[in-house]
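Model the full assembly from the supplied sequences, consistent with the hints where possible.
There are 2 protein chains.
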Amino acid sequence: VEEGEEGMVDLIAGQVKELLKRNQVKQSDLPGIGVGCAGHIRHSDGVIVTTSNLEGFNNYPLRAELQSHFDIPVILDNDANAQAYGEYKFGAGKGTRDMIFVTISTGIGAGLVINGGLYRGMSGTAGEFGHTIVEPGSDLVCTCGNRGCIMALACGMALPYMFEKKLREGMETKLNMPPKFNISKINGQTLKKGLDMDDPLSKAVISDSAYYVGIGLYNLFQILNPPLIVLGGGLTNWGEFYLDKIKETFYELARDMLIDPIRIVLSEIVGDAGVIGAAALSLE
Amino acid sequence: VEEGEEGMVDLIAGQVKELLKRNQVKQSDLPGIGVGCAGHIRHSDGVIVTTSNLEGFNNYPLRAELQSHFDIPVILDNDANAQAYGEYKFGAGKGTRDMIFVTISTGIGAGLVINGGLYRGMSGTAGEFGHTIVEPGSDLVCTCGNRGCIMALACGMALPYMFEKKLREGMETKLNMPPKFNISKINGQTLKKGLDMDDPLSKAVISDSAYYVGIGLYNLFQILNPPLIVLGGGLTNWGEFYLDKIKETFYELARDMLIDPIRIVLSEIVGDAGVIGAAALSLE
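Taken in sequence, the protein lines are chains A and B.
Going by our numbering, the first sequence runs without a break in its numbering and finishes at 869.
Going by our numbering, the second sequence runs without a break in its numbering and finishes at 869.
Just so you know, these hints were derived from the structure itself, not from any lab.
Calculated pairs, DMTMM-like style, for lysine to aspartate or glutamate (alpha carbon to alpha carbon, straight line, at most 25 Å):
# : chain 1 : residue 1 : chain 2 : residue 2
1 : B       : LYS832    : A       : ASP724
2 : B       : LYS830    : A       : ASP724
3 : A       : LYS832    : B       : ASP724
4 : B       : LYS788    : B       : ASP829
5 : A       : LYS602    : A       : GLU591
Right under this line is the structure:
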């Protein structure tokens, strides 16, 4: 990140070339090079419009810059789209033509597979599920500036605020919090520890996140009526407790409006889903 | 409605036959007969699963029953899907391959056109936009049983509750309300009168409806990133005041996340959009 835009491009290109060399693979042996990147990506011309995960890179033509280093096609897409496509081709979505992949991580996003292909919408930003609003009067504000979107209420970046709010409301925690404890460092792993020691505050924050993700999935169900929703991203490491709460909210809301059974499952390509998905983009 | 399920089918079949006769058209001159019906329709086998607009008709095989009267194909779909397809073929959606039609009427629903075709999802219920939840703690409850879905907060059926709530909160109205006035009769036309006489309570209810529809459209934008949203249904007769408020909410939320311009326009097939849309289904 400290290398800046050009430095980053040189680094990526260098790494790809190094990988090719080490594996004795020629560029011409490959259909292409797929790149997944967080943020609003304009798929048509491979430009990062905005991204909150990197400094700079506003209206940055990442695809063209990378392409100048290679003779085979470079494809750039949003990382959630890449993961969705990977899951569709090689993971939990194999054999279906329609699915939604939702990643619950630092941020929250989704990729839509519709009629057997990624659906990107007008500008390439379809699937920005994390920015759908489900609590417009909330005091939790997202990095996008809006109140009460699912990211503000449930994602990794929101955890310190959610935690602090419950502390302020008088809830007690079993987590070890020395006097100079920096609450902004609270993340998914902190709360996993809390969950494992049966800490009521950690469980309350995890439950809140699950509740809003559950509402969000219900809204996706009403709009797209998919047969399959695949969940990935770091916060799913909270495990059964988290997933059960998400499903509980979903099924309480969907009830008899669910005509056919829907599958809500975990990602099957754990860990490298983003990389495998990005590579798979060149098979699209 | 009083004729019951069988009586209704006989009535529809009789009317279609009468229309054919009067216009000297043979069945074989037509590609098919399209039927649009409110409710959850399973498109694969033409069964009404549930509908809150008719008595009976639960798990009712309307398509098969109508088909038994005709030699050409009968197609049954949800009325919002039919209107969406009509608008796509002959109205505001001509020339686009992707659009969302939203009807704001007694209820609220939507039809999705994706990659040049209606998208129905797994069971045929995709586009049930009205049941997406945007205010889970609301005291307004939908006929579906959930709190704070857009229908509960913004549709024609919700107007009496919205009106009564504002009265209870102490707002005054210029509308003539004699002692035995039945508040449950308040509908879109009542509030149109109120709007025309600059009644603050009517305008507040209309603004609230617009606010929640605006949030709903913003959520649709984040999920599907469509180039075009077409609005139809009786409540759009509230005109500019209503549409401006809807757009105001939408653009306040979307801001710089809107990479390409989106068109939010009124239905161009006013009045018979449902009938024209249903007929158009046989061209799909």
